[in-house]
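**Q** With chain L's structure known, arrange chain V on it following the hints.
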Amino acid sequence: MRFLLRLGRTPGRDLACGLLFGAVAIVGLIEVTTNARLMDTFGRGPDPGPALLPLIVLSFLLIGGAALLLKGLAGWAFTPPEADENDPIETPPPSQHLHAAALLASLVVLPVAISWLGFLLASALFAAPWLVWLEYRRGVGRRRALLLGVAVAALLAIALHVVFVTLLGIAI
Amino acid sequence: MLIDSFFTSLLATLASPWGVTLAVLGTLLGIVLGALPGVSSTMALAILLPLSFGMTPELAILFLLCVFVASVYGGSISAILINIPGTPGAIVTQLDGHPLARQGRAKEALVYALVASSVGGVIGLALLVLIAPLLASVAMQFRSPEFTAIAVFGLVLLAYASPGSTVRGLLVGAIGLLCGMVGFDALTDVSRFTFDSRSLQGGIELVPLCVGLFGLAEVLRHLHASRQRRPDVDMATLHSPAPKLGALAKRWASMLRGSFIGALVGAIPAAGSAIAVAIAYAQEMRFSRRPERFGQGAVEGVVAPEAANSSSIGGTLIPMMTLGVPGDAITAVLMGSLLIHGLRPGPMLFAENPGFVGSLYAGFLLALLLTLALGLVLMRWLPWILRIPSHMLLIGIALLCVVGAYAIRNNMADVYIMLFFGAVGYGLHLLSLPTAPLAFGLILGPLLEENLRRSLLLGRGSWEVFLHSPIAMGLFGLSLLAILLPLLAPLWVRLREDIKRVSAP
Numbered sequence: 001m002r003f004l005l006r007l008g009r010t011p012g013r014d015l016a017c018g019l020l021f022g023a024v025a026i027v028g029l030i031e032v033t034t035n036a037r038l039m040d041t042f043g044r045g046p047d048p049g050p051a052l053l054p055l056i057v058l059s060f061l062l063i064g065g066a067a068l069l070l071k072g073l074a075g076w077a078f079t080p081p082e083a084d085e086n087d088p089i090e091t092p093p094p095s096q097h098l099h100a101a102a103l104l105a106s107l108v109v110l111p112v113a114i115s116w117l118g119f120l121l122a123s124a125l126f127a128a129p130w131l132v133w134l135e136y137r138r139g140v141g142r143r144r145a146l147l148l149g150v151a152v153a154a155l156l157a158i159a160l161h162v163v164f165v166t167l168l169g170i171a172i
Numbered sequence: 001m002l003i004d005s006f007f008t009s010l011l012a013t014l015a016s017p018w019g020v021t022l023a024v025l026g027t028l029l030g031i032v033l034g035a036l037p038g039v040s041s042t043m044a045l046a047i048l049l050p051l052s053f054g055m056t057p058e059l060a061i062l063f064l065l066c067v068f069v070a071s072v073y074g075g076s077i078s079a080i081l082i083n084i085p086g087t088p089g090a091i092v093t094q095l096d097g098h099p100l101a102r103q104g105r106a107k108e109a110l111v112y113a114l115v116a117s118s119v120g121g122v123i124g125l126a127l128l129v130l131i132a133p134l135l136a137s138v139a140m141q142f143r144s145p146e147f148t149a150i151a152v153f154g155l156v157l158l159a160y161a162s163p164g165s166t167v168r169g170l171l172v173g174a175i176g177l178l179c180g181m182v183g184f185d186a187l188t189d190v191s192r193f194t195f196d197s198r199s200l201q202g203g204i205e206l207v208p209l210c211v212g213l214f215g216l217a218e219v220l221r222h223l224h225a226s227r228q229r230r231p232d233v234d235m236a237t238l239h240s241p242a243p244k245l246g247a248l249a250k251r252w253a254s255m256l257r258g259s260f261i262g263a264l265v266g267a268i269p270a271a272g273s274a275i276a277v278a279i280a281y282a283q284e285m286r287f288s289r290r291p292e293r294f295g296q297g298a299v300e301g302v303v304a305p306e307a308a309n310s311s312s313i314g315g316t317l318i319p320m321m322t323l324g325v326p327g328d329a330i331t332a333v334l335m336g337s338l339l340i341h342g343l344r345p346g347p348m349l350f351a352e353n354p355g356f357v358g359s360l361y362a363g364f365l366l367a368l369l370l371t372l373a374l375g376l377v378l379m380r381w382l383p384w385i386l387r388i389p390s391h392m393l394l395i396g397i398a399l400l401c402v403v404g405a406y407a408i409r410n411n412m413a414d415v416y417i418m419l420f421f422g423a424v425g426y427g428l429h430l431l432s433l434p435t436a437p438l439a440f441g442l443i444l445g446p447l448l449e450e451n452l453r454r455s456l457l458l459g460r461g462s463w464e465v466f467l468h469s470p471i472a473m474g475l476f477g478l479s480l481l482a483i484l485l486p487l488l489a490p491l492w493v494r495l496r497e498d499i500k501r502v503s504a505p
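Here the protein sequences line up with chains L and V, keeping their order. Counting from 1, one number per residue, gives the positions in the first sequence under full-length UniProt numbering. Counting from 1, one number per residue, gives the positions in the second sequence under full-length UniProt numbering.
What the hints contain is simulated information worked out from the structure, not anything from laboratory work. Note that the structure is predicted; figures quoted are calculated from it, not measured. Be aware that one or more of the hints could be misleading.
[To be verified] Cβ pair distances, simulated, as ranges:
#  : chain 1 : residue 1 : chain 2 : residue 2 : range
1  : L       : Ala-77    : V       : Leu-481   : 29 to 37 Å
2  : V       : Leu-481   : L       : Arg-44    : 29 to 37 Å
3  : L       : Ala-36    : V       : Ser-462   : 22 to 30 Å
4  : V       : Ser-197   : L       : Ala-151   : 34 to 42 Å
5  : V       : Val-167   : L       : Leu-146   : 49 to 57 Å
6  : V       : Arg-293   : L       : Thr-79    : 42 to 50 Å
7  : L       : Ala-77    : V       : Leu-491   : 19 to 27 Å
8  : L       : Thr-79    : V       : Gly-342   : 50 to 58 Å
9  : L       : Val-150   : V       : Ser-197   : 35 to 43 Å
10 : V       : Gly-477   : L       : Ala-36    : 37 to 45 Å
11 : L       : Ala-36    : V       : Ile-483   : 33 to 41 Å
12 : L       : Arg-144   : V       : Val-167   : 47 to 55 Å
13 : V       : Leu-130   : L       : Ala-36    : 47 to 55 Å
Backbone N, C-alpha and C fix where the C-beta goes; we use that ideal spot for every residue, glycine too.
The following block holds chain L by itself, in its conformation from the complex (with noise of 0.2 Å):
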């Protein structure tokens, strides 16, 4: 529990980019460096080719990363524990999170649904629990949320197919 606390302070979170930036560097430059059509114009003749300025980008975000990393690597080490007091937590609740992740799971779901159903179908199916699930999480009563959630989302689904299909033709 306290690394997962102390993941939220700086420390942590130059840790946790300076990761994310050389994690982007290692997998770019492997891309780079086994791309061998890519690799064969660098250097060649007066044009230094497609792999410059990717390498000058990489190594860039590889030096970066590294710095990061060994930033936070050192505040992690050197910071006495009581300096995590006046370092103030900025990690969301864990259901911000759980909130985002099942969103983005239900966003990645609907356009297979659209292919399936239809836009009007699949775009009201997708909003109702939504729309239900937040409304009730106001404090409104069950059926009172039902209601309002499923009529918002005909009505949202209605309002973007007559814009989207019905008034700009695109074909979804």
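**A** Structure of chain V alone, referenced to chain L:
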């Protein structure tokens, strides 16, 4: 030539029922979305951008400018009425606007904000019309080394002004640059960063990235807090008398000061409206004979920042239109719209498409006039806008993001790219990293790479080509200074304190 096309397109828009309808619709949507806390001007523009794909470039820019200008005023509505700024640019307006509302003078504060916003917008437009062609004609003389330096300088400056440290902003910008390299290289046709995926071969479009980063990521952030109810608005305060013309005219000095500060600060890439309004407010306090009234309902505390906020729009358009460097995140989204319509902002825009530049000026003026007119007409219904439940809005925006991303190329791959960048935006927020440099990197990446390679070709592979350009060297020097300044400033402060301590008796 430019004046001719300005008047021609203004008259053409006014004579076209479709053009007027779009302008009114854009203004209404801008006021409503700008007024809603949690929906910034950038988000409003990003989610409404797909509506403009089917329009002509002239109508698209008219619609988007109406949304942009109106959302800037909309941001002040919630700042004044419920003490929550609708947009970051309205953050200072609430300091004196809300105390005025609490004194029963909400209508007065809203009218002052609206008029100051309109005056500021017109001055911002005038500076844009005057400065942009001059800067564009200077930029026409630039060659590849100068453009390489401009791209580097723009990216560094944009990262410098982003929240958090410059280095972190630059690292996020570097990921943006990499995103701009995804797909086939234009010169050699070699694929880069496609990871053998067909969806990535076409590259990453700016619009799905912006919709994900500025639209969906914000929905993911705010969804959990949507159960909180907003404070109610006291309707009685909106029945108070509006200020008379004479009282409005008496504030001309505050409006002018705010407007010039806004336009000049806005013209600096990345400075943006939030910095402009803070400077305008501080200057107004300095000029005031009774600075102690600030924070307790001083009218100048509403007028000057609102004028600065609106005039910064014209300022932010200057680097975008003349150099192809977005002034801030909002102009990055606007650039996305122009690119979709095959228009690359930069000095060549003035030479190749003077008609479009004229219609942009005309659209800007129309947006200002419509915001003033509709803002005055709608004033009594403003509290109803603030009653729209945020959870309904957020789910609607999430659906809009999906349809909008699909609408770019009628391709589901763009929807998944948008979802990916929504998740990336949420993750960056968790790590306290700025999101906007990602979009700046994607925009400036092609400009940087094309000109860097061309410069090296000109120099026959030698980097000395940059040494022969004083402008490029100056810009590289300034970029280095912007990176080193945040690192060296604390050392300098510590050194100065040490010297003081040692020299003290």
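**Q** Take the hints in turn and mark each one as holding or not.
**A** Structure-based check of each hint:
1. Hint check: L/Ala-77 to V/Leu-481, Cβ distance near 33 Å, so the stated range 29 to 37 Å holds.
2. For V/Leu-481 and L/Arg-44, the Cβ-Cβ distance of about 35 Å falls inside the hinted range of 29 to 37 Å, so the restraint holds.
3. Checked against the hint of 22 to 30 Å, the pair L/Ala-36 and V/Ser-462 passes, with Cβ atoms roughly 27 Å apart.
4. Taking the beta carbon of each, V/Ser-197 and L/Ala-151 are about 41 Å apart, inside 34 to 42 Å as hinted.
5. A hinted range of 49 to 57 Å holds for the C-beta pair V/Val-167 and L/Leu-146, which are about 50 Å apart.
6. In this structure the hint that V/Arg-293 and L/Thr-79 lie 42 to 50 Å apart at CB holds, the actual value being about 44 Å.
7. Range check, L/Ala-77 to V/Leu-491: Cβ separation about 23 Å, and the 19 to 27 Å hint holds.
8. The hint said 50 to 58 Å for the Cβ distance between L/Thr-79 and V/Gly-342, and at roughly 53 Å that hint holds.
9. Taken as a hint, the range 35 to 43 Å holds for the pair L/Val-150 and V/Ser-197, whose Cβ atoms sit roughly 38 Å apart.
10. One distance hint, 37 to 45 Å for the beta-carbon pair V/Gly-477 and L/Ala-36, holds here, with the actual separation near 38 Å.
11. Remark: the range hint 33 to 41 Å for L/Ala-36 to V/Ile-483 is upheld by a beta-carbon distance near 35 Å.
12. The supplied range of 47 to 55 Å is met by L/Arg-144 and V/Val-167, whose beta-carbon atoms lie about 51 Å from each other.
13. Look at V/Leu-130 against L/Ala-36: about 53 Å separates their beta carbons, and that is inside 47 to 55 Å.
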